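> With chain S fixed as given, assemble chain R onto it according to the hints.
If you read the sequences in order, they're chains S and R.
The numbering of the first sequence is the numbering used here, which starts it at 14 and goes up by one.
The numbering of the second sequence is the numbering used here, which starts it at 11 and goes up by one.
No lab work stands behind these hints, which were simulated from the structure alone.
Here the structure is a predicted model, which means the values were calculated and not measured.
Each residue gets a CB set at the ideal place from its N, CA and C atoms; glycine is no exception.
Among the clues, some could well be false.
[Stated by the list, open to error] Cβ-Cβ distance ranges computed for the label pairs, FRET-style:
hint	chain 1	residue 1	chain 2	residue 2	range
1	S	R50	R	F19	50 to 60 angstroms
2	R	Q76	S	E381	17 to 27 angstroms
3	S	G200	R	Q76	36 to 46 angstroms
4	R	L155	S	K459	46 to 56 angstroms
5	S	E381	R	L137	41 to 51 angstroms
6	S	N52	R	F15	50 to 60 angstroms
7	S	N52	R	T56	50 to 60 angstroms
8	S	N52	R	Q238	44 to 54 angstroms
9	S	D216	R	P243	42 to 52 angstroms
10	S	K357	R	P52	52 to 62 angstroms
11	S	A139	R	V173	53 to 63 angstroms
12	S	K354	R	Q76	37 to 47 angstroms
13	R	G222	S	D67	16 to 26 angstroms
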Amino acid sequence: MHRIIPVPKLKPGATRNQKCHPAKEKDMAKINLPPARLNDWKEVILKKMAEVLDKYRSVRLYLDICVKCGACADKCQFFLGTGDPKNMPVARADLLRRVYKKYFTLGGKVWGSLNEAEELSESLLADWYTYFYQCSECRRCAVFCPYGIDTAEITMAAREIMAAAGIATKYVTEVVAKVYDTGNNLGIWPAAWKDNCAFLEEDLREIEGVDIKFPVDQVGAEVLLVPPSADNFVNTNTMIGYAKMFHAAGISWTTSTYCNEGGNFGLFLNYYNLKKVNNRILEAARQLKVKKVYWGECGHAWRAGLAFTTTLSGSMDFLEIPYPVHICDLTWELIRKKAFKIDKTANDQFLVTYHDPCNVARAAGYFEPPREIIKATCNHFVEMPADTIREKTYCCGAGGGLLADEIMEIRLAGGKPRAEACRSTGANYLATICAICKANLPEVMKHHRVNCEVGGVHDLLGRALVLKG
Amino acid sequence: METKFFFPFLAYLSCGVFLGGLIYRFWVWLKTPVPLRIVLTPAPQTRAGVVKRLAGDIFLFPQLLQADRLLWVLGWSFHLLLLLVMLRHLRYFFYPVPVWIEAMQTPGLYAGYFLPVPLAGLLARRLITERGLYLSIWGDYFALLLLLAISLTGLLLSQYFYVYIVDVKAMILGIIFFQPINFQAPWLFTLHFLLVSALLIYFPFSKLMHGGGIFLSPTHNQRANFKQPYRNPWDFPVAYNPLNLFPPEKYQQVLGEMKAGEKKCTE
Numbered sequence: 014m015h016r017i018i019p020v021p022k023l024k025p026g027a028t029r030n031q032k033c034h035p036a037k038e039k040d041m042a043k044i045n046l047p048p049a050r051l052n053d054w055k056e057v058i059l060k061k062m063a064e065v066l067d068k069y070r071s072v073r074l075y076l077d078i079c080v081k082c083g084a085c086a087d088k089c090q091f092f093l094g095t096g097d098p099k100n101m102p103v104a105r106a107d108l109l110r111r112v113y114k115k116y117f118t119l120g121g122k123v124w125g126s127l128n129e130a131e132e133l134s135e136s137l138l139a140d141w142y143t144y145f146y147q148c149s150e151c152r153r154c155a156v157f158c159p160y161g162i163d164t165a166e167i168t169m170a171a172r173e174i175m176a177a178a179g180i181a182t183k184y185v186t187e188v189v190a191k192v193y194d195t196g197n198n199l200g201i202w203p204a205a206w207k208d209n210c211a212f213l214e215e216d217l218r219e220i221e222g223v224d225i226k227f228p229v230d231q232v233g234a235e236v237l238l239v240p241p242s243a244d245n246f247v248n249t250n251t252m253i254g255y256a257k258m259f260h261a262a263g264i265s266w267t268t269s270t271y272c273n274e275g276g277n278f279g280l281f282l283n284y285y286n287l288k289k290v291n292n293r294i295l296e297a298a299r300q301l302k303v304k305k306v307y308w309g310e311c312g313h314a315w316r317a318g319l320a321f322t323t324t325l326s327g328s329m330d331f332l333e334i335p336y337p338v339h340i341c342d343l344t345w346e347l348i349r350k351k352a353f354k355i356d357k358t359a360n361d362q363f364l365v366t367y368h369d370p371c372n373v374a375r376a377a378g379y380f381e382p383p384r385e386i387i388k389a390t391c392n393h394f395v396e397m398p399a400d401t402i403r404e405k406t407y408c409c410g411a412g413g414g415l416l417a418d419e420i421m422e423i424r425l426a427g428g429k430p431r432a433e434a435c436r437s438t439g440a441n442y443l444a445t446i447c448a449i450c451k452a453n454l455p456e457v458m459k460h461h462r463v464n465c466e467v468g469g470v471h472d473l474l475g476r477a478l479v480l481k482g
Numbered sequence: 011m012e013t014k015f016f017f018p019f020l021a022y023l024s025c026g027v028f029l030g031g032l033i034y035r036f037w038v039w040l041k042t043p044v045p046l047r048i049v050l051t052p053a054p055q056t057r058a059g060v061v062k063r064l065a066g067d068i069f070l071f072p073q074l075l076q077a078d079r080l081l082w083v084l085g086w087s088f089h090l091l092l093l094l095v096m097l098r099h100l101r102y103f104f105y106p107v108p109v110w111i112e113a114m115q116t117p118g119l120y121a122g123y124f125l126p127v128p129l130a131g132l133l134a135r136r137l138i139t140e141r142g143l144y145l146s147i148w149g150d151y152f153a154l155l156l157l158l159a160i161s162l163t164g165l166l167l168s169q170y171f172y173v174y175i176v177d178v179k180a181m182i183l184g185i186i187f188f189q190p191i192n193f194q195a196p197w198l199f200t201l202h203f204l205l206v207s208a209l210l211i212y213f214p215f216s217k218l219m220h221g222g223g224i225f226l227s228p229t230h231n232q233r234a235n236f237k238q239p240y241r242n243p244w245d246f247p248v249a250y251n252p253l254n255l256f257p258p259e260k261y262q263q264v265l266g267e268m269k270a271g272e273k274k275c276t277e
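Extracted from the complex, chain S is given alone in its bound form (with noise of 0.2 angstroms):
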């Protein structure tokens, strides 16, 4: 097998000092969590993961079922870039088996720390809150498995046995706050967002000539799109191609500042934030009386929407469209329809790539319309090695919560692998359909001197859209 880096020998604790900031207590109330770790919570802990196993067969049976062949080791980014034994799969895995079978296993109680049975200690809970944080939960592990042992989903019960007992990183906690409050990740209040939309209306009528509008909380709207926050503020040149797109379809459209964020944080950290997040999205769609909702560039979003939405928001029969879709299903459904008059030369200085975010490529196994909205924008297309890309992609470093300053460490390494795959290309412009991606990958590349700019596939549509003014 091709190796894209080689496999790392062992270096046992090389990431154990490499924390997340604790969670701040006003954000921890806002989003119905113990404010501080709880003076029980070793109590606390065992009562939720006993809660846990009884409310999730994915976690129990990953926990009783792995025979540690070890075939998921050398597959997760974080391990490949730090060495740290603890971030293979199997052994970050291990940290949740050992308290369970110690407390909820026969063979535990029976056989106890020679078959890795431990006890719920301060140190092993100091490794819960490391390892578990340094686990993006992009899932490339379960491709690998035999049984698809999937350990996110054991991260995302750690995360979550952990929250109960008010133990919680303030990256993900805050973010999820300043959703319940502003309605986005990014902290943004509504007469902020309404204002950058005049401004990049302005700035497109002088620099472009073109009067597009960016609209907000129109009420009776065709279309919400519901962008990840960052599309508005930091990849502007996304939300651009989003209106360009809309305006030359001819389509009516709307943002709500209820609800301008897909990226669903609560996906982090435990199931009653996932729903109340989700549940903005649906509530946004009512209250403008949209006939459809896409969801924008943006992989957790896209994840929690598509597989979750009607699980946890309710039935979407008040749509026209009665599922969750993408916006770039419809971006491609039209440049197949001929709606668009497109100039491929605008992006000739590009040879572009195209990078899977990971819930986008294995929890939906969403590949073609972003590559082909690429090709029909783009004269220069190439692809990634084949064991990067697709349901084998590797995460950009800073999914799941990771996104975070002081484990800057931890997002370079993890991301070493997208980078070596792009400097085999001799790509100088990724393009990829997340807003996390779009966050860390430009760092990931300047560590790791790769000469590649990253941006949103509606960017190069925006390029390349010919309108008439």
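For chain R alone, coordinates are given in the frame of chain S:
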């Protein structure tokens, strides 16, 4: 040794624990719900696709082939050889012996010659490689050593030590039909039988349940039919948060609806 009840007792005990344990483990797994769709690409759209995927999983180990070719060779050949050997053993349970079991005799015999090889390879992997040493626990070594001992004693029984298999078959048929008979047991046969019983008793309490568990693995048996709804049996409502709603008159209206208890988040 001369015995009438030792082997029946051991057989009923080990089979009882094996079946009871299997049923218990499956019952615990089956009563635990799957709240969310956690499919893993490539996920099929139909039930037939799921059957095809699981069949591929148990007969070909495709993920292992992609993950670690050497491990695939060791693991797959071990399972195949074990299957052939077990099929050959079915001759002891039928009288008269069906044609397809008779056909298994020669392949099963040759499989038996080679069965210790992948087992030794898997054991070596856990003793020599850095990763194997880090990950392996008592249960891993025990399972491999037990299987190795069973295959070696079986090999010795069929090749070097004379055992009158007509007597063995009569004894086993006696167990099946609850009519135990007197049996002169060679020590090596007793050892082989004891080891197999130990394996059957150990099976439901160990990682060997992976064989049954794979059928329940949600990442492999769920369909990616996202256009259909999916229900979580223990779903619960969460409180509605009306902060920063727009426009101001809508905010007051929704607050009023919440206070009157009319508005729920899942409506």
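> May I ask which of the numbered hints given earlier this structure violates, with the numbers listed in increasing order?
10
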